[in-house]
Amino acid sequence: MRTILLVEDNELNRDMLSRRLARKGYQVITAEDGRQGIDLAGSEMPDLILMDMSLPVLDGWEATRLLKASSETRSIPIIALTAHAMAEDERKAYQAGCDDFDTKPIDWARLLGKIEAALANCE
Amino acid sequence: MIRMDELRSSIIFGKKWLQLEHVHGSYDSMLVVFSYIVAVVASYTVLDLAGKVSETSGKSRLLWLVFGAAAMGMGIWSMHFVGMLALRLPVPVSYDLTLVFLSVLAAILASFAALRIVARDKLTPGRLIGGALLLALGISSMHYIGMAAMLIDITYDPAIFVLSIAIALAASIAALWLAFYFKKGDVKSDTWKKLGSGFIMGAAIVGMHYTGMMAAHFHLGARSELATGLRLDQDWLAYLISGGTLFTLGLSLLGIYISRRFSSKDSEIQQQSREIQLKNQQLQLLNDNLEQLVKERTAQLEKAHDEAIKANRVKSQFLANMSHELRTPLNAIIGYSEMLVEEAEELGEPTFAADLQKISKSGKHLLSLINDILDISKIEAGKMEIYPERCDLQGVLQDVVMTVKPIIESNGNRIEIEWGKGEMVTDVTKLRQILINLLSNAGKFTKDGVIRFEAYPEEKEGRSGYGFRVTDSGIGMTPEQVGKLFQPFTQADSSTTRKYGGTGLGLAISQRFCELLGGEIYAESEPGVGSCFICWLPEETADMNRLSDIPVEATFSKEAEGSSQVSILLIDDEPLNRQLMSDYLANEGWTLAFAESGEEGLLLSKKLRPKVICLDILMPGMDGWSVLSALKRDPELRDIPVVILSMTNDKQLGYTLGASEFLEKPVERDRLVGIIDKFVPATSGSGVLVIEDDATTSELMTKLLHREGYSVTQAANGRLALECLERELPGVILLDLMMPEMDGFEFVLELRKREEWSSIPIVVVTAKTINSEDRLRLHGYVKSVMQKGAFDPKQLLGEIRQFMNGQQEVG
Chain A
1 MRTILLVEDN
11 ELNRDMLSRR
21 LARKGYQVIT
31 AEDGRQGIDL
41 AGSEMPDLIL
51 MDMSLPVLDG
61 WEATRLLKAS
71 SETRSIPIIA
81 LTAHAMAEDE
91 RKAYQAGCDD
101 FDTKPIDWAR
111 LLGKIEAALA
121 NCE
Chain B
1001 MIRMDELRSS
1011 IIFGKKWLQL
1021 EHVHGSYDSM
1031 LVVFSYIVAV
1041 VASYTVLDLA
1051 GKVSETSGKS
1061 RLLWLVFGAA
1071 AMGMGIWSMH
1081 FVGMLALRLP
1091 VPVSYDLTLV
1101 FLSVLAAILA
1111 SFAALRIVAR
1121 DKLTPGRLIG
1131 GALLLALGIS
1141 SMHYIGMAAM
1151 LIDITYDPAI
1161 FVLSIAIALA
1171 ASIAALWLAF
1181 YFKKGDVKSD
1191 TWKKLGSGFI
1201 MGAAIVGMHY
1211 TGMMAAHFHL
1221 GARSELATGL
1231 RLDQDWLAYL
1241 ISGGTLFTLG
1251 LSLLGIYISR
1261 RFSSKDSEIQ
1271 QQSREIQLKN
1281 QQLQLLNDNL
1291 EQLVKERTAQ
1301 LEKAHDEAIK
1311 ANRVKSQFLA
1321 NMSHELRTPL
1331 NAIIGYSEML
1341 VEEAEELGEP
1351 TFAADLQKIS
1361 KSGKHLLSLI
1371 NDILDISKIE
1381 AGKMEIYPER
1391 CDLQGVLQDV
1401 VMTVKPIIES
1411 NGNRIEIEWG
1421 KGEMVTDVTK
1431 LRQILINLLS
1441 NAGKFTKDGV
1451 IRFEAYPEEK
1461 EGRSGYGFRV
1471 TDSGIGMTPE
1481 QVGKLFQPFT
1491 QADSSTTRKY
1501 GGTGLGLAIS
1511 QRFCELLGGE
1521 IYAESEPGVG
1531 SCFICWLPEE
1541 TADMNRLSDI
1551 PVEATFSKEA
1561 EGSSQVSILL
1571 IDDEPLNRQL
1581 MSDYLANEGW
1591 TLAFAESGEE
1601 GLLLSKKLRP
1611 KVICLDILMP
1621 GMDGWSVLSA
1631 LKRDPELRDI
1641 PVVILSMTND
1651 KQLGYTLGAS
1661 EFLEKPVERD
1671 RLVGIIDKFV
1681 PATSGSGVLV
1691 IEDDATTSEL
1701 MTKLLHREGY
1711 SVTQAANGRL
1721 ALECLERELP
1731 GVILLDLMMP
1741 EMDGFEFVLE
1751 LRKREEWSSI
1761 PIVVVTAKTI
1771 NSEDRLRLHG
1781 YVKSVMQKGA
1791 FDPKQLLGEI
1801 RQFMNGQQEV
1811 G
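Chains A and B, in that order, give the protein sequences. Numbering-wise (this note's numbering), the first sequence opens with residue 1 and increments by one. Numbering-wise (this note's numbering), the second sequence opens with residue 1001 and increments by one.
If you're looking for bench data, these hints aren't it; they were derived computationally from the structure. Incorrect hints may have been included.
[Claimed, not checked] Using 25 Å as the maximum straight-line C-alpha spacing, the simulated PhoX-like pairs for lysine-lysine come out as follows:
hint : chain 1 : residue 1 : chain 2 : residue 2
1    : B       : K1361     : A       : K24
2    : B       : K1358     : A       : K24
3    : B       : K1361     : A       : K114
On a predicted model such as this, the values are computed, not experimentally measured, just so you know.
Modelling step: build the complete structure from the supplied sequences, incorporating the hints.
Take a look at the structure:
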């Protein structure tokens, strides 16, 4: 079973996304801020990280940079999720090291496609 | 006393008694009345004249005085003379003409004196008495001289004589006082008063006269015997004199009347010109106030404008943030409802599933509205980017029609399509959005009608492109509604929003997208008939992102940083514009530097000290106005001319903030170059200095350089060349080595001594074989050495161009 780490500060979205992912057969662990996300990524070594960008404590871009800087977590694909639907945000996300990018509100089918693609890429 | 008939008989019958006979005359009543009339008219004239005289000054015053005195004197005299003629003596009386003339003179002199007094501004009692005495004296002397002129013996009764003088004095005082009193009177209202006074004065004069006559006793004697030449018919003489006098007085009254009319016109004109002057002063004052007001208003407007720009940006930012905030809960709504739809379907609860479907659909609708708001605020904040790609038109159009078909058909409409094959390079997402907007609008506002969708190749202003036409048979719009169509947040009718839904942003977004893609959109409509929307897009839209991928600005910036002679700094956030400007300006031999934001622009300005700054206004973050203000606040940067290149048309604000020039985008190349030319001094290296002693070679090189558009200065040796340098700094020096007076080596040494000369690149063109010692002497100061034998014009020009542009350092 594939494990996905969902880093999302909004409780509703976290609950909704984790339940929907679980329904699709993924094991989901959740973190509420960037710091927690980094810790969990290190300890749980998920197969994929869905990372919100606007996060408290440590934002998604910074968290991504740190994850990609560490040799342990570098290989974990990260998909950035952001409500900032600006091209600039997309560029920033890629610059930080994200492997893919999707905007909120999520298009479920599209996100699932991206998750599958990222996981397939890893193998 | 004897009765008249006795007198007559005694004259007839006793001629021998003649010399001792005492004669008594009778008065001709007609002439007496006549004399009175003359006196009244004369008085009236004087009263009238007095005012006239005091109104005037200088020569004309004297003229009026003389004229007045003559009229008045003649008036008084003729009254007197007629009065004398009215006396019928039983014997014919002759007159001594000299004395008659003297009496006239006396009257005139007296009148002159009297008028002078009356014409004064103030009439003191002393003056009145003195004047009256003079006048009385004048009148009396006139009277008694006149009497003396009669060639008849006269004796006077002393008492009555004194009485006549007293009356004369009283009449004079009254006359003077009245004349003074009335002289300033208003013409109309005082005419009657003057006439009344004239009657009184006339009576006084006549009274004096007849009293004087009463004092006289006539005797027939030696004098009457002597009466020789002048023996006139008394009646006719009297009528003649009084008629003449009346005529004269009438004339003078007429003269006064006319001159009054004129002077009243004059004074009216004066009055009017005074009023005009006053009005002018008031106008001037108003004008000054107005200028002040305009200045204040302009300042206010500028401030308001700045605030409006700021407010608009804040609004766009707010909307952008707001829509982010709105998306987050929507995310949950859509997500949960979709999840529940799946679960309900799995659990076999179709009714739940249908309702949950509605929640999900509404959420998505709400999302599309928020997306619209986000789009428009992105556009207005200048953050909308386009991603052109090559696409098959047919595929895109089919896709669009598939998407809008449900919306169109839900209103019972039918869609007709007509298009051919085609390819475009454009932002497909935006094209789709434009067309979906137009088509779903048509579907929304048409019921049971036909919607026609056409696409066709169309050339516009020399550019090939495609037209997309959406025609409906819907409710249509009035011209006013069409006018407001593309403004954000306005629908044709505010009730439209309630009836048809939508944010009213669809068309505004479509229009902005069209503009971004280099095209245009417009509408034609008629209420009740339908609407037609036409969108035109160019076949190829420039890819700004790809341009920005090319590290144009990076290369330029680097060059700029390495060079100490940056001519132009361009501050513009738009990569396309930076590319355009570099195309426009780099070929002119100017060195360019670029900044992508206002902040960077300020930093580079400080670092590079460009000769000119070209500044865009609408930039995210620090906008052009702020940059301009900051530049003008900095004492070190204040003098760098700033040329504003902007979409906005705020020349006023630009110049107020200190811009040197304001160019509206799109900027014409020639105009831009012309303006930059003004600010980048040509003396700092646009010409070539050719130092060559051989005239033929020098001419050859000059021709070559002229053909390339360089200005050329020729010098036959080093010394002359140094003189040329004093006058003008060239961009490049072409140097021969072997020359008379001062050769190339010496010239290079001289050149080193002056700091501003040592940086001028030198190309040595020589026939001399350069040995290692020569190289050492030239080392470091000469950019390049060319052998005359192997002289290649292309190579030379290439090097010159290189040095002129200052882009490459050659060791």
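Hints and how they fare:
{"no.": "1", "hint": "B/K1361 x A/K24", "in the structure": "holds (22 Å)"}
{"no.": "2", "hint": "B/K1358 x A/K24", "in the structure": "holds (23 Å)"}
{"no.": "3", "hint": "B/K1361 x A/K114", "in the structure": "holds (23 Å)"}
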